Structure formats: C-alpha cells, structure tokens
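Protein chains: 2
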Amino acid sequence: MNSTCIGQLADHEGREVTLHGWVYNTRSSGAVQFVLVRDGTGIVQAVAVRGSVPDDVFGLAQRLTQESAVTISGLVRKDRRAPGGYELTLTNLQLVHEARDYPITPKEHGPDFLLSHRHLWVRSARQHAILRIRAQVEHAIRGFLDDQGFVLTDSPILTPAACEGTSTLFETDYFGDKAYLSQSGQLYVEATAMAFGKVYCFGPTFRAEKSKTRRHLTEFWMVEPEMAYADLDDMMALGEQLVGHVVQEVLRERSRELEVLKRDTKLLAQIEPPFPRITYDEAIALLQKQGEDIAWGDDFGAPHEIAIGDSFQKPVFVHRYPAQIKAFYMEPDPSRPEVALCADLLAPEGYGEIIGGGQRTHNLELLEDRIAANNLPREAFEWYLDLRRYGSVPHAGFGLGIERTVAWICGIEHVRETIPFPRMLTRIYP
Amino acid sequence: MNSTCIGQLADHEGREVTLHGWVYNTRSSGAVQFVLVRDGTGIVQAVAVRGSVPDDVFGLAQRLTQESAVTISGLVRKDRRAPGGYELTLTNLQLVHEARDYPITPKEHGPDFLLSHRHLWVRSARQHAILRIRAQVEHAIRGFLDDQGFVLTDSPILTPAACEGTSTLFETDYFGDKAYLSQSGQLYVEATAMAFGKVYCFGPTFRAEKSKTRRHLTEFWMVEPEMAYADLDDMMALGEQLVGHVVQEVLRERSRELEVLKRDTKLLAQIEPPFPRITYDEAIALLQKQGEDIAWGDDFGAPHEIAIGDSFQKPVFVHRYPAQIKAFYMEPDPSRPEVALCADLLAPEGYGEIIGGGQRTHNLELLEDRIAANNLPREAFEWYLDLRRYGSVPHAGFGLGIERTVAWICGIEHVRETIPFPRMLTRIYP
Numbered sequence: 001m002n003s004t005c006i007g008q009l010a011d012h013e014g015r016e017v018t019l020h021g022w023v024y025n026t027r028s029s030g031a032v033q034f035v036l037v038r039d040g041t042g043i044v045q046a047v048a049v050r051g052s053v054p055d056d057v058f059g060l061a062q063r064l065t066q067e068s069a070v071t072i073s074g075l076v077r078k079d080r081r082a083p084g085g086y087e088l089t090l091t092n093l094q095l096v097h098e099a100r101d102y103p104i105t106p107k108e109h110g111p112d113f114l115l116s117h118r119h120l121w122v123r124s125a126r127q128h129a130i131l132r133i134r135a136q137v138e139h140a141i142r143g144f145l146d147d148q149g150f151v152l153t154d155s156p157i158l159t160p161a162a163c164e165g166t167s168t169l170f171e172t173d174y175f176g177d178k179a180y181l182s183q184s185g186q187l188y189v190e191a192t193a194m195a196f197g198k199v200y201c202f203g204p205t206f207r208a209e210k211s212k213t214r215r216h217l218t219e220f221w222m223v224e225p226e227m228a229y230a231d232l233d234d235m236m237a238l239g240e241q242l243v244g245h246v247v248q249e250v251l252r253e254r255s256r257e258l259e260v261l262k263r264d265t266k267l268l269a270q271i272e273p274p275f276p277r278i279t280y281d282e283a284i285a286l287l288q289k290q291g292e293d294i295a296w297g298d299d300f301g302a303p304h305e306i307a308i309g310d311s312f313q314k315p316v317f318v319h320r321y322p323a324q325i326k327a328f329y330m331e332p333d334p335s336r337p338e339v340a341l342c343a344d345l346l347a348p349e350g351y352g353e354i355i356g357g358g359q360r361t362h363n364l365e366l367l368e369d370r371i372a373a374n375n376l377p378r379e380a381f382e383w384y385l386d387l388r389r390y391g392s393v394p395h396a397g398f399g400l401g402i403e404r405t406v407a408w409i410c411g412i413e414h415v416r417e418t419i420p421f422p423r424m425l426t427r428i429y430p
Numbered sequence: 001m002n003s004t005c006i007g008q009l010a011d012h013e014g015r016e017v018t019l020h021g022w023v024y025n026t027r028s029s030g031a032v033q034f035v036l037v038r039d040g041t042g043i044v045q046a047v048a049v050r051g052s053v054p055d056d057v058f059g060l061a062q063r064l065t066q067e068s069a070v071t072i073s074g075l076v077r078k079d080r081r082a083p084g085g086y087e088l089t090l091t092n093l094q095l096v097h098e099a100r101d102y103p104i105t106p107k108e109h110g111p112d113f114l115l116s117h118r119h120l121w122v123r124s125a126r127q128h129a130i131l132r133i134r135a136q137v138e139h140a141i142r143g144f145l146d147d148q149g150f151v152l153t154d155s156p157i158l159t160p161a162a163c164e165g166t167s168t169l170f171e172t173d174y175f176g177d178k179a180y181l182s183q184s185g186q187l188y189v190e191a192t193a194m195a196f197g198k199v200y201c202f203g204p205t206f207r208a209e210k211s212k213t214r215r216h217l218t219e220f221w222m223v224e225p226e227m228a229y230a231d232l233d234d235m236m237a238l239g240e241q242l243v244g245h246v247v248q249e250v251l252r253e254r255s256r257e258l259e260v261l262k263r264d265t266k267l268l269a270q271i272e273p274p275f276p277r278i279t280y281d282e283a284i285a286l287l288q289k290q291g292e293d294i295a296w297g298d299d300f301g302a303p304h305e306i307a308i309g310d311s312f313q314k315p316v317f318v319h320r321y322p323a324q325i326k327a328f329y330m331e332p333d334p335s336r337p338e339v340a341l342c343a344d345l346l347a348p349e350g351y352g353e354i355i356g357g358g359q360r361t362h363n364l365e366l367l368e369d370r371i372a373a374n375n376l377p378r379e380a381f382e383w384y385l386d387l388r389r390y391g392s393v394p395h396a397g398f399g400l401g402i403e404r405t406v407a408w409i410c411g412i413e414h415v416r417e418t419i420p421f422p423r424m425l426t427r428i429y430p
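Taken in order, these protein sequences are the chains called A and B.
So for the first sequence, the numbering used here puts the first residue at 1; every next one is plus one.
So for the second sequence, the numbering used here puts the first residue at 1; every next one is plus one.
Some hints could be false.
Derived DSS-like pairs: lysine-lysine, alpha-carbon spacing no greater than 25 Å straight-line [as the list claims (entries may be wrong)]:
id, chain 1, residue 1, chain 2, residue 2
1, B, K289, B, K314
2, A, K210, B, K178
3, B, K262, B, K107
4, B, K212, B, K289
5, A, K314, A, K266
6, A, K212, B, K178
7, A, K210, A, K178
8, A, K314, A, K262
9, B, K212, A, K178
10, A, K178, B, K314
11, B, K210, B, K289
12, A, K107, A, K262
13, B, K314, B, K266
14, B, K262, B, K314
15, A, K178, B, K210
Please keep in mind that the hints were generated in silico from the structure rather than gathered at the bench.
Bear in mind that the values here come from a model prediction, so they are computed numbers and not experimental data.
Taking the hints into account, I'd like the entire structure generated from these sequences.
Take a look at the structure:
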C-alpha cells in the first residue's frame, strides 16, 4: 500500500493509500461517519460506512476528536464536490495520539486568545492558507532576483550604529559594547553592490516602535535589492517588475489558498507593470483635493498613504519627496535639490506603503555634511563613507516589506496573521 | 552599442560593447596598456594600443588607479588564455570616479586590517568567490527543500525564553520585559511541522559565546528542516540528501569560483549519499584507538570531531549520543534509554560538525520531567508542551550551519570569510 500525502492523491486514483495526519473535523449521518483529515498538504474527507469496515474501526471513527493524530487507509475516489477533488473510502484507521479538549474550536475566539495559541492556530485552514502564501511570496521574490542575476549577500543583524537614530532600536550588550538590532540591511548591501553589481539581502529586521496598529510588527522580514550603476528610474522599474512577478506567481500557484481566504482575484490579476507614477507634489495636490489638511513638506501618515493608494487600481509610485523628511543618504534631485530621488510604492485597497527606496548619495562631501547635520556618529559611518572614496557610482535600491505585501495579496486586515509568530508591542509569546 | 556585463560577453563576440565596472588592476608594456576591469559578474582584460585609440583615452588608461569606477567600450574577442575566455580591444573609456590610495593593495595585509576593511575586502577575487559560493549554497538548500515539499515558516528571532540556558544568549529589553535573540528556530518549526507536515526555517541565529576559534561566529545562519511523522533515520536520510545536493550544485554552478580558491574538487565530487553512519560508542572506540583520552559519556571537543570526520572520505553521521550530554528535547532510544535518538554530521578534512539534529520527544510526561530536571522555566514552555497534548506524533529535524558548510566546500580555514560581515567576540565593525 502506498504511503502518500493528500496533495498527491490524484496520482493514486482507484488505489488504496495510507495517510498520516490529524483530524480536522468529523460528522456523522447514522450509518456513515465522515472524518476530515489534514496532513499539511491538504484536507481530505474519509468516509466510513458501518458494516463495510471492522466494527472497532467504525467505533474509533465515531470517537475521533479534533486534532487527534491518525494514520488512515482508504481507497481514493474522484469526487468533484470534494475540496481537493478526491475522497477516501475508509478501510483502516489507527489512533496515533488522542487530543483531548483542543482549545481552538469551530466557535469564535478573540484575537488575544488566538495569538496566545499561535502554535496551534497555525493549523487552521485560514492561517494555513496565509502562511502558504507567505512562503510562496518569499519563493517568488528569491526566484525573480536570482534569475535576474542578483547575488544574495546577507546583511548583519547586530550592528554598531543606528541608521536613523536610536529611539526605535532594540539594544543589546555586545561583550561590553552597545549593539543594536538592524532596522535595515541597506547600508551593507550598498557595500556588496560595489563588489557584485546587483545584490540583495533578505532577513528579519527590527523596530522597537510603540505603535499598536494593524500594520506594525516589532520584528518583520524585508527583502532589499541594491544595484550599482543605477538610478531612481531603474529602482522603480525593478520594484514594479518584482511586485508584478510575485502577485502573478501567487495567483498561479496558490489559487486554492486565495479561495480559502475568499480573496477577490480579479483585483490581483491586473497587477502587472507598468505601475502609475506620481510626484510627491501631485500626491499632495490629490490629497488636498480630497479635503485632507496637508501641506507641501509634510510627511504622509497611514491615512494619507491609504488615500493615495486607493486612488489607483494598481500600486502607485510616489517619487521625489522633500529631502527634509527623508533619510540622510538620499540623493537630491540635481534639477531641484529640495526633493530627493526616492520613491515609495503604495498598494491599493488600503494597504499603504509596501516599498520604500531610491537613489543613494554617491558624493562624499554631501554625505559627510548629511551625517553631521543629522548628528550621527561619524566614526560609525567611516566604512560607509569609504564607499564614496573608492570607485563611487550612482546606485539605487529599495526595501520591500514581506508582511504588508502578504497582507495585501491575501486581502486580510492585520499583518499579525502574515508571519508564523508575530512580535508586537504587547506580545512576544509564544 | 550594447550595454552588457562581463558574465555575458560570450553573447557579444565580434561586436562592440559597453561595460560599467571598476579597475581591478592595470599593467603596461610600452605601447600597449592592459586594464583589468571587474563588474561583479566577472573580470575582463581590456587592451589599449597606442595610436589605435584617441590619445586622451590612452592617456587615461595609463593613469587609471585600482578600484576607480569606469565605463569602458571595446570589441569582444575570443581568447582562450583569458580567465572568462574573452578579451576586449578598447575603443573608449570614461572615468566615473577616481579612487585614490585604495587601502587594499596586492601586498599582504593582516586579518585584522582586512576585517576592518571588510566593506572593501569583499571586492577582491577570493572573497568574491567565497561569497558567490555562499549564495549558491543558500540557493541549493532552498531549491532542494522547496522541491521536496517543505514549507518555509520563518521562526522568530526575539524569544521570551532560552532553549538551553541563558549564559550564551544576547539579551534585550522588550518594552519592559526581557527577551533573547534566538539560538535556534527549532522549537518553532516543531509547531509549524504539526501544521504543514514538512517545514523549514532559514535565518540568522545568535550565540554570545566567548569563543575565539576559527569555527565560531556570534551571528551565523542556519537552515532547520523539521518533519512530522519522521524518525532519526528519516532525519539522517534528509541530511545526506541535502548535503549531497548542495555540494553537487556548487560543483556544477561555481566551478570557476572553486578554481579561484584552488579547491581540490576531486574530494567534493564524491560527496553523494549514502554517508557512513557510526554510533557514538563506535566513535569513542575509534578515538580511543587513536590514543585520545576520552571515555563513554564525554562530549566531543572540536579536535575529536575533526579526528572522527577525518577518518572518512565523506561526511559521517555519529548517532545515539548519551542523553545526558544532549538537549532536553531529545527522544531516548526505546531499546536503550541512556542514549538519545540524535545524530551529528561531521565533515571531512578537519571541518567538524555541520549538522546537529534528531528525533524530538513527543511524550508529554517525559518532556515535562526534562524541563523540570533542566531547571527551565515551565511557563515559557507551556506552548511547546501543547504540541505534545494535541495530536503529538514522532518528529525529527536538524540544523545545518551555513558558514561551516561554506568553509568546508570552499576549503578555507576560517568561517569569518564565509559571511559578508562577520560578527565575532572582538568584532562588530563594519
């Protein structure tokens, strides 16, 4: 008999197979017992008919509890009403481990309860679908960048200095010195871009922000591609190609999961380059026209980002923000130095910023001035200044936030569901 | 004219191309000037003959300094003596940025100097080769696991409790509570394995060890696959298949880089499953026969691991260590409870342990006893105990250390060269 998994039942139609999984649900209709079994690759319904299986097997099928571990055998039958297209006619059943009083029942639970049981919550169909889409998003990003010749160069997490001030940094003692958890690998990929031309880092990043919103985590994943000999236009071109590729791969490979989430895929199907591009000035005008109380020079809050993003069917690039509200390393627009050659990508449907990036200053004196003007510790940035001393070239890149991208693609409200074990202001357990 | 990269010159033979890169080296033979240019995808030699290019271009070619940024144009000629198989007959040259007194010269530098200039050192041919092999190793691991149906589930870095004591943990303040940087994502992938069947996490891990050896970093990357319904033999089978796949992909895709490193590839070519397997008892006997002063119950030090690894041509699994020297979550061998169902994979050629793993206890009472016996804070492990309360099944997995694996495949002495920005006891800069 074949030991297989639910995702591969199509290869075994008409044959008897054995599966190893967990009881997702059961229901009974007198002489027929239905057992829904999940094994991580899918969910299948096994049907036991009294008299056609030994009495002890039928009795066991009747007593099965939610999330008990079971090994089941059965005949694979095609059934177009079944979720995966196949059903099992049960022939045998073994209890591997009985689960008693599984805490997450089909009734409604509050988010705090579910988050405290995240280690079990990940087994439910909705969370399962979201996390499979997350894995697909990460797969699509790596596949795209690898195919385009980007070299993965992992940035360090433990860093000696703060990129943009220490107020939102997690600090740790590093053998007597202070060290901080990285908020971004960008400065480091700027160094490796000068060695490899096109690079990316992809890892966890940290922000000790006291924000308690549906878009904030203290620990989140970011992919950061960086290109030497590239400008703002190259950065936006890469961003739209990457996002288009990710959305299309998820649509192709994870249609069943999107269905579980009841995601409107028509909206996603059109996410292909080119994306609209507007200047910061145009974005301010757009917001003012919508009655927002905002003036040139103000930074966007989440409601502004959402309002701009919702004005378009596709993600929209907003470029050339005022230099004063952006980070010290941004390259000024030579034709208009009060704005920076930077761009954010705002997702539609209320999801706000998913990409932030731009062209980095490659001029040594300008960068020195910026470091001084921002009161940053010069010694900590000497190595970064070196990149402008030895073969400095225009370069550009961006960071794409994984959790916000996954939330948007899944069409779900809160980023806390897009990562296996979310870390938030009031939560670090489990 | 085509703007291309050195890695793709073969597609442009006989045509004129433009390249964007940096000066790697220059040499002169009177009327002929040779300029070695690198662009991240390779190194090419451009040849300028006085009189056949404008005088100002020839003059510039003569004055070029190491690591200056240049845009060069030239005719692509096949030349089997050239490193990449092609040379350029220079037709034009533009200086993008002049580098003066580049600190890393062809003369010898000490490791401290080079590590302090790591942001520039990554541009040198040797470091370039090592880091490309690292990227390939990471690519091979993900490709293998994705193809085998493992789902990527990122484990958190910020964790509330210590897996194996707090003495080697980096601590941080988490909004008033203590949090620690993860040493391993294992406990978390045990949870997701019960949801997805086969999973892995792949990210940075941290150990605040005061070790100053050639095999230790404080921040290093680890891939940790975990399988539900799996035992020690499944774990070893997965480990040898993964390592075999990684080595063969590097041999296939990174032969030029292995050549730069002068790696003996005959030794690597034979790294295919099955790998030899010996028990801890046999390993002790082997060491005693070699005159080592070691007794049953002792843990292996680095010299022991190296001695065992060097006794075989391929990596060797040592399995069933004494339970007392292994972590609290190990499953005891039912036929011999004093040993644990665990295995380490020791690489040949003096590289020691690259994999550690095994079968995890799935028995609730046993795990509770172990947590108590190890004086671990029970509350912090309640969620982990839940995995044994609800549908507990045999499961197994391992952690593969990226830096040690890369060091072995590259045949280099110290792990500090295998990661873009190494973090060590006395080093967190750049």
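Do the alpha carbons of K262/B and K107/B lie within 25 Å of each other, as the hint requires? 19 Å, holds
Does K212/A pair with K178/B here, judged by a C-alpha cut-off of 25 Å? 20 Å, holds
Agreement of K314/A and K266/A with the hint, judged by alpha carbon distance not exceeding 25 Å: Satisfied, since the Cα-Cα distance of roughly 12 Å is no more than 25 Å.
Hint check: K212/B vs K289/B, CA-CA at most 25 Å. Holds or violated? 30 Å, violated
Verify the proposed pairing of K107/A with K262/A, using a straight-line Cα cut of 25 Å. 19 Å, holds
Run the distance test for K210/A versus K178/B: straight-line Cα separation, threshold 25 Å. Holds, at roughly 16 Å.
Is the hinted pair K212/B and K178/A satisfied, with a Cα-Cα distance of at most 25 Å? Holds, because 20 Å separates the two Cα atoms, which is no more than 25 Å.
Are K178/A and K314/B close enough, with their CA atoms no more than 25 Å apart? The hint is violated at about 42 Å.
Taking 25 Å as the top limit, are the C-alpha atoms of K314/B and K266/B close enough? 12 Å, holds
Checking one constraint from the list: CA of K210/A to CA of K178/A, max 25 Å. Satisfied? 21 Å, holds
What's the verdict on K178/A and K210/B, does the C-alpha distance respect the 25 Å limit or exceed it? 16 Å, holds
Compare the distance between the alpha carbons of K210/B and K289/B with 25 Å, and conclude whether the hinted pair is satisfied. 32 Å, violated
Of the numbered hints given earlier, the model fails hints 4, 10 and 11; all others are met.
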